[in-house]
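Chemist: In order, the protein sequence lines correspond to chains Z and E.
Counted the way the working numbering counts, the first sequence spans residues 1 to 126.
Counted the way the working numbering counts, the second sequence spans residues 1 to 404.
Please keep in mind that the hints were generated in silico from the structure rather than gathered at the bench.
Note that this is a predicted model, so its numbers are computed, not measured.
Quick reminder that beta carbons are idealized off the backbone N, C-alpha and C, glycines included.
Errors might be hidden in some of the hints.
As the list claims (entries may be wrong) - Here are the in silico distance ranges between beta carbons for each label pair: (1) Z:Ser-91 <-> E:Lys-375: 27 to 37 angstroms; (2) Z:Glu-84 <-> E:Tyr-288: 36 to 46 angstroms; (3) E:Thr-402 <-> Z:His-26: 17 to 27 angstroms; (4) E:Ala-140 <-> Z:Val-104: 36 to 46 angstroms; (5) E:Gly-31 <-> Z:Val-104: 46 to 56 angstroms; (6) E:Lys-49 <-> Z:Asp-5: 49 to 59 angstroms; (7) Z:Asn-13 <-> E:Arg-112: 43 to 53 angstroms; (8) Z:Thr-81 <-> E:Asp-395: 34 to 44 angstroms; (9) E:Asp-30 <-> Z:Asn-13: 51 to 61 angstroms; (10) E:Arg-116 <-> Z:Ser-91: 36 to 46 angstroms; (11) Z:Lys-6 <-> E:Leu-396: 27 to 37 angstroms; (12) Z:Asp-83 <-> E:Tyr-288: 37 to 47 angstroms.
Chain by chain, the residues run as shown.
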Amino acid sequence: MAYSDKVIDHYENPRNVGNMDKDDAHVGTGMVGAPACGDVMRLQIKVGDDGVIEDAKFKTYGCGSAIASSSLLTEWVKGKTLDEAQQIKNSEIAEELELPPVKVHCSVLAEDAIKAAIDDYKQKND
Amino acid sequence: MKTPIYFDYSATTPVDPRVAKAVCDCLTMDGNFGNPASRSHEYGWNAEKAVDEARKNVAELVNADPKEIVWTSGATESDNLAIKGVAHFYHKQGKHIITSKTEHKAVLDTCRQLEREGYEVTYLDPEENGMIDLEKLKTAIRPDTILVSIMHVNNEIGVIQDIKAIGEVTREHKVLFHVDAAQSAGKVPIDLQDMKVDLMSFSAHKIYGPKGIGALYVRRKPRVRLEAQMHGGGHERGMRSGTLATHQIVGMGEAFRLAKEEMAADNERIRMLRDRLWNGIKDIEEIYINGDMEQRVPHNFNVSFNFVEGESLMMALKDLAVSSGSACTSSSLEPSYVLRAIGRNDELAHSSIRFSMGRFTTEEEIDYAIEQIHKNIDKLRELSPLWEMFKDGIDLNSIEWTAH
Numbered sequence: 001m002a003y004s005d006k007v008i009d010h011y012e013n014p015r016n017v018g019n020m021d022k023d024d025a026h027v028g029t030g031m032v033g034a035p036a037c038g039d040v041m042r043l044q045i046k047v048g049d050d051g052v053i054e055d056a057k058f059k060t061y062g063c064g065s066a067i068a069s070s071s072l073l074t075e076w077v078k079g080k081t082l083d084e085a086q087q088i089k090n091s092e093i094a095e096e097l098e099l100p101p102v103k104v105h106c107s108v109l110a111e112d113a114i115k116a117a118i119d120d121y122k123q124k125n126d
Numbered sequence: 001m002k003t004p005i006y007f008d009y010s011a012t013t014p015v016d017p018r019v020a021k022a023v024c025d026c027l028t029m030d031g032n033f034g035n036p037a038s039r040s041h042e043y044g045w046n047a048e049k050a051v052d053e054a055r056k057n058v059a060e061l062v063n064a065d066p067k068e069i070v071w072t073s074g075a076t077e078s079d080n081l082a083i084k085g086v087a088h089f090y091h092k093q094g095k096h097i098i099t100s101k102t103e104h105k106a107v108l109d110t111c112r113q114l115e116r117e118g119y120e121v122t123y124l125d126p127e128e129n130g131m132i133d134l135e136k137l138k139t140a141i142r143p144d145t146i147l148v149s150i151m152h153v154n155n156e157i158g159v160i161q162d163i164k165a166i167g168e169v170t171r172e173h174k175v176l177f178h179v180d181a182a183q184s185a186g187k188v189p190i191d192l193q194d195m196k197v198d199l200m201s202f203s204a205h206k207i208y209g210p211k212g213i214g215a216l217y218v219r220r221k222p223r224v225r226l227e228a229q230m231h232g233g234g235h236e237r238g239m240r241s242g243t244l245a246t247h248q249i250v251g252m253g254e255a256f257r258l259a260k261e262e263m264a265a266d267n268e269r270i271r272m273l274r275d276r277l278w279n280g281i282k283d284i285e286e287i288y289i290n291g292d293m294e295q296r297v298p299h300n301f302n303v304s305f306n307f308v309e310g311e312s313l314m315m316a317l318k319d320l321a322v323s324s325g326s327a328c329t330s331s332s333l334e335p336s337y338v339l340r341a342i343g344r345n346d347e348l349a350h351s352s353i354r355f356s357m358g359r360f361t362t363e364e365e366i367d368y369a370i371e372q373i374h375k376n377i378d379k380l381r382e383l384s385p386l387w388e389m390f391k392d393g394i395d396l397n398s399i400e401w402t403a404h
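Isolated chain Z, as found in the complex (with noise of 0.2 angstroms):
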């Protein structure tokens, strides 16, 4: 599988690995996908009072284009409010890593990943 220069900068320098409490009501969660699939991710969000996601981190088991859309989505999501957050679309996800058709379902796991988060966020402070 020949990778983008970009996917390969994400896999070998991941940004924002860690966790966060999860029990913190500030703190959304999104775990997607399934060991026997070959990824899960997990993303996490840190909301401030203003609505505006301070903080993200994530773990990912999968591919390197799966670790790399992961990784990407965290940079993206910082400073962003939860409803520009929620827009983030997969093709964007995709083409900015240059991602080939066999690997795009990492980036639909990724957007499945923040809306879970965001989704879980919203349940705990509803």
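Use these hints to put chain E onto chain Z, whose structure you have.
Modeler: For chain E alone, kept in the frame of chain Z given last:
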């Protein structure tokens, strides 16, 4: 040390320089370029002599008669010729074939084709260590069974089947026995006087010969009949027409001759390297060897690093040329069917890496690999949410995953 280090000898091997020399001597005007079928001049006679010598070398490695060796384009063609050739010739005696789920695609896809033609195929489930249970084989044999096809050494997990024992069963039941020996010739002793095998497929490029050449052993006593799959000038006693590729055949002959001479020493050295690799990484947590550790060729070492996905590990191990059973490395997005067939779950199949070693692997390369594996497993597990959950004592099976 040249990187990436080649650890994919089960996929193919580099041609031994001694073999390359023999191949090159059969190409140009100054060399032995003639058509072995030309009976009217010295060019043809010399080529025929070289082909006969190669046939003898191939036969000698497996203790067969040179007349029992039929040249083909490789093990895939040999498998096709053996299985379809027997099925089409003996269809009046029955249309049932037995094989196993861990066979090479060249056997499985050929069997699928025969199913489309109206044959019935039983696919045996191997045991968890990859071995075929003889009792299960005996139970599967029916009055209309005409052929059993079982590989000698598995390409993914290196497990060695007990071909001699299977041959006793098939002969007793008067069923023909085909063995795909692409991964075993030159690695495991083969004695066709002793083993009751009727057909055996060989490849040159797995044992330091050129690609594009192979052979099929077709037993003469008791005689095995085949329906040809390739028609033409009636070469190879009518079983496989087409002008013989002298240079490739000579290369295969030389590779098999060298294998006979050097197999014992090669195996001992490679076993030492394999043990060195295993001892260097076995203290890593949650690491599983795929396939039986005793009943396997030393060249093959297939391990799963739990909670790390195989393709990302291969990306991390970019200085090592290895292969993986991960779905992400296949076009089908399915994890290895061989690992699934021996009962490995999807997670471990996704996490598998095959290291295969050979004649040119060095201790220095093994030590470098050990260092790279440790470094990158640590790094990828830091990234893995599954590893974190495992370390927190969470049972991953208790979680409802969203399959996609």
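Chemist: For each hint given before, does the structure comply? Return the numbers of the non-compliant ones in rising order.
Modeler: none
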